[in-house]
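*Asks:* Residue numbers (my numbering), protein chains in the order written: chain A, 1 to 423; chain B, 1 to 529.
Everything hinted at is true.
In silico EDC-like pairs for lysine to aspartate or glutamate, Cα to Cα no more than 20 angstroms straight-line:
(1) K80/B x D392/A
(2) K262/A x E293/A
(3) K190/A x E55/B
(4) K129/B x D371/A
(5) K86/B x D373/A
(6) K59/B x D392/A
(7) K86/B x D392/A
(8) K416/A x E126/B
(9) K352/B x E252/B
(10) K80/B x D373/A
(11) K357/A x E126/B
(12) K129/B x E366/A
Which stretches of chain B does chain A cover? Using the computed rule of at least three CB atoms under 8 angstroms from a CB of chain A, they are:
(13) 40-46
(14) 92-105
(15) 120-129
(16) 173-184
Here are the in silico distance ranges between beta carbons for each label pair:
(17) A165/A x K5/B: 44 to 50 angstroms
(18) K59/B x N332/A: 24 to 30 angstroms
(19) P74/A x T136/B: 40 to 46 angstroms
(20) G18/B x N332/A: 44 to 50 angstroms
(21) S22/A x F182/B: 49 to 55 angstroms
(22) F200/A x G18/B: 20 to 26 angstroms
(23) P58/B x F66/A: 16 to 22 angstroms
(24) K352/B x F200/A: 26 to 32 angstroms
(25) S22/A x G18/B: 55 to 61 angstroms
Hints listed in this document are in silico derivations from the structure and should not be mistaken for laboratory results.
Virtual Cβ for every residue (Gly too), placed ideally from N, Cα, C.
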Amino acid sequence: MEKLLLRNIGIADSHTLAVYQSRGGYQSWEKVVRDMKPAELIDEVKASGLRGRGGAGFPTGMKWSFVPKDSPKPKYLVCNADESEPGTFKDRLLIEQDPHAIIEGTLIAAYGIQSHTAFIYIRGELVAGAKILERAVEEAARAGFIGKNIFGSGFDLDVILHRGAGAYICGEETALLSSLEGGRGWPKVKPPFPATHGLFGCPTVVNNVETLAALPWIIERGAAAYAAMGTEKSKGTKLFSVSGHISRPGVYEVEMGYPFKKFLEDDCGGVPNGRKLKGVIPGGGSMPVLRPEEIEKVNLDYESVQAAGSMLGSGGVIVMDETTCMVRAASNIARFYAHESCGQCSPCREGCHWMEKIFHRIEHGEGQAGDLDLVLNISGNIMGNTICPFGDAAAMPAAAFIKKYRAEFEAHIAEKRCTVRTE
Amino acid sequence: MDPVKIIIDGKEVTTTKGKTVIQAAADAGVAIPHYCYHPKLSIAGNCRMCLVEIEKMPKLQIACNTQVAEGMGVLTQSPKVLAVRKAVLEFLLINHPVDCPICDQAGECQLQNYYMEHNREASRFEVGKQHDRKKTIFGPNVIFDGERCIKCTRCVRFCQEITKTDELAVINRGDHSTIALFNDSVLDNPLSANVVDICPVGALTDRDFRFKVRVWYLQKTPSVCPGCSTGCNISVETYQNRIARFKPRINEAVNSHWICDEGRYCFHELTGGERLTTPLIRQEGGLVPTTWENALHAVLAGLRSAKAAAGVLSGRNTNEEAFLFAKLMKKLAPGSPLEVCYQERELNETQKILMSPDRAPNFRGARDMGVGANGGYGSWLEKLLAGDFSAAYIVGEDLLGSNGAGERLRAALQKLSFLVVQDIRLSETAKLAHVVLPATHFGEKEGTYTNRKGRLQKLNAAVIAPEGALQDWQIFLRLLDLAEEKLSYSTPSQIFQALAEEVALYQGISYATIGDQGIQLGGGGVEQS
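Using the sequences and the hints, build the whole thing.
*Replies:* Printed below as a string of structure tokens:
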């Protein structure tokens with residue numbers, strides 16, 4: 001398969017403008033600015049079928065089209081480079097090795113919504129990535145791809161890099177905007193939505209790094225070429241970050257609809273050391289874990305993974321072999337969400353910590369009869385009742401671990417110790 | 001305003017476009033439980049208590065942030081809604097200390113109320129409640145208990161949006177989130193104690209009221225704040241015939257939901273100290289107790305024989321009292337200059353949100369009654385200091401205590417051939433009087449005040465005056481009676497009816513229709529200073 005997103009990865013000095021341009025970089029941008037009307041661009045992106053790669057999978061072109069065209073307010077395009085979903089490291093690779101693809105995508109998207117100021121909000125911990133991006137922005141500006149009267153078109157666009165301060169929640173688009181505004185990283189109550197009331201109350205689109213990085217290719221080869229890849233509803237290719245008990249961990253680019261099992265076994269080399277697969281999280285820590293038998297017929301596209309009871313999410317594939325204590329895994333994930341809950345709304349603030357406490361006590365041999373149903377009940381009370389999707393992200397994996405490995409949890413409670421771990 | 005029809009729990013309700021479900025429901029008498037929502041603050045949507053079912057929407061929606069739409073079906077009592085209320089309450093209570101027995105909010109706490117209404121189950125949370133600060137002083141009037149806080153952020157939003165002083169902020173994350181003073185600020189803005197009123201739980205309590213009375217023992221009387229001429233609507237809350245606190249009463253024409261701190265605590269100054277319970281008369285060696293009959297006869301004689309008498313009324317006297325006072329002085333000392341005590345001070349922008357520059361809640365009403373048409377209190381005082389008067393009748397105001405003129409004023413008052421002071425305490429001014437008449441304060445009175453903007457509002461007696469003291473209007477009536485002007489009024493209501501016939505601006509108003517929200521005189525809001 002031809003690589004779209006990873007086409008420059010592995011090439012020496014791929015992060016520099018010279019190398020990026022030598023491979024056709026910024027030609028899409030020039031084409032967009034010189035030859036395309038914003039409406040044409042939006043139609044092209046709609047036709048490509050590109051969907052948001054941050055996790056929600058919302059159609060990108062449609063998201064842009066929600067921005068009011070007649071608003072007197074400034075419009076903003078924000079590149080969400082706050083990658084922090086557990087088990088996800090695909091954006092980081094692009095940031096560090098192909099920053100110009102992200103910048104070019106950001107410029108194209110900004111043009112689509114007629115934004116003259118674009119922000120790249122990068123996760124605070126990505127110190128090296130921030131430096132690389134900053135340099136790349138400077139290079140692109142010096143080359144005239146960013147700034148005033150780009151390509152003599154009269155179109156002005158500024159790009160501002162902003163570093164986060166280390167909160168997972170700031171990857172949620174409205175929390176990101178609050179943080180970018182200088183406030184607490186709190187998700188905003190919706191409606192209104194960012195498309196009309198986003199950054200500083202102005203129309204705003206927030207797109208993920210991977211989404212934006214796909215745009216130059218789509219413009220270069222055309223929407224049809226992109227839409228020719230993938231399935232009926234999941235078009236193009238997607239990056240997967242594979243980690244855990246797997247022979248060849250790393251970032252993979254896969255055409256949507258690729259068989260999951262084949263991917264794990266052939267592409268990633270399967271579970272090492274002759275051990276058996278016990279479970280796999282397909283889309284980052286927020287998504288329900290799947291048992292080996294559940295992935296038999298699953299393909300790597302939004303619909304297929306959802307049909308199996310989980311979600312494609314960010315494409316953070318976490319593989320667990322038979323030596324994994326699922327109680328400990330669940331406890332670890334619960335601890336993460338308890339720690340990262342922003343504390344704004346009641347169910348998430350209180351519920352995440354409550355679940356974490358229960359998982360912790362089960363893990364440490366202090367579980368009680370009824371604990372499992374209690375967690376299921378708490379997760380049910382959080383699900384769907386919070387300001388932002390974080391509540392669901394904490395509740396879904398908690399419930400899935402218990403439902404799918406209940407016997408192991410019960411044994412942990414009954415014997416007051418781990419019955420699995422062999423390491 | 002476009003009308004919109006929605007269906008709440010199967011009942012059709014007509015509301016207007018732009019309203020939220022929680023507002024439309026409240027208008028229709030359907031109370032949707034909530035913590036963070038407050039009609040005067042921005043929508044936070046964080047408590048999740050107001051989640052309701054909206055037909056055709058897969059997820060429950062917060063009623064505070066859902067706009068009504070034509071034909072929208074809202075369910076506030078469906079099994080899903082009742083279950084989520086129970087769940088939210090359980091969440092809010094898992095780290096709550098449930099220290100109701102020592103919490104001032106107990107009895108008016110929305111955690112208690114909603115728990116009894118919607119949950120009533122034992123907590124399934126067993127160990128390790130999150131601890132927090134129990135008594136952090138936020139400012140001179142407000143103290144914070146972090147363990148009781150449900151992080152609704154009403155207090156934070158109040159300081160951001162109403163006073164714009166930004167003293168409070170949320171700090172930390174997750175279940176360590178808590179409210180704190182922002183940097184080195186102190187919660188000492190002029191409206192600071194309103195955060196106690198809007199705190200739905202016992203997290204913010206009033207340092208003045210704290211630990212004094214269990215709220216269920218309080219008797220509540222609707223009245224008007226005596227602090228200044230804004231005339232904020234208040235509830236005077238009493239226990240064992242003492243005022244325990246003021247709370248604001250909602251009146252969108254006057255004070256919305258708020259009162260200022262100065263007004264909130266002014267009752268201490270206005271009601272404290274040792275009360276006079278018997279008239280006093282000056283004899284050789286000083287003031288000695290006497291009977292009302294002796295005292296009133298002495299007043300009559302003193303004022304009648306004065307060459308140049310003058311009268312000053314407190315800005316806290318009611319319209320009814322001012323009406324009688326004007327009549328009385330006209331009878332006893334015709335042409336004597338009458339004034340209502342009125343002094344202004346500078347106010348800053350935050351103070352101006354509610355406060356008026358004076359401390360005279362009824363100065364405008366008193367002037368309407370004919371007390372004060374002589375060039376103002378300032379020039380009246382100048383004349384007094386200049387020795388233009390030989391006798392004075394001072395009602396309800398300690399001129400020596402409240403005026404910078406000090407020794408000059410004392411000398412002027414001492415020079416008077418006759419001074420009668422009518423007050424609740426033996427004030428510095430009263431100590432110079434020839435006759436002292438024990439009277440009542442605002443909290444013991446019924447009557448009407450007219451605020452700065454010409455709104456007529458009702459004052460109600462919240463406590464009973466001590467035996468021996470008389471209402472100011474009773475004193476004026478008895479003096480009028482002795483002066484052979486027989487007026488058969490026996491209640492403030494009857495006096496009001498009489499003044500409504502005589503004073504043009506008040507014509508046609510009946511005492512009974514003033515109600516708890518008052519009436520704008522002349523139909524408009526005319527500014528007067």
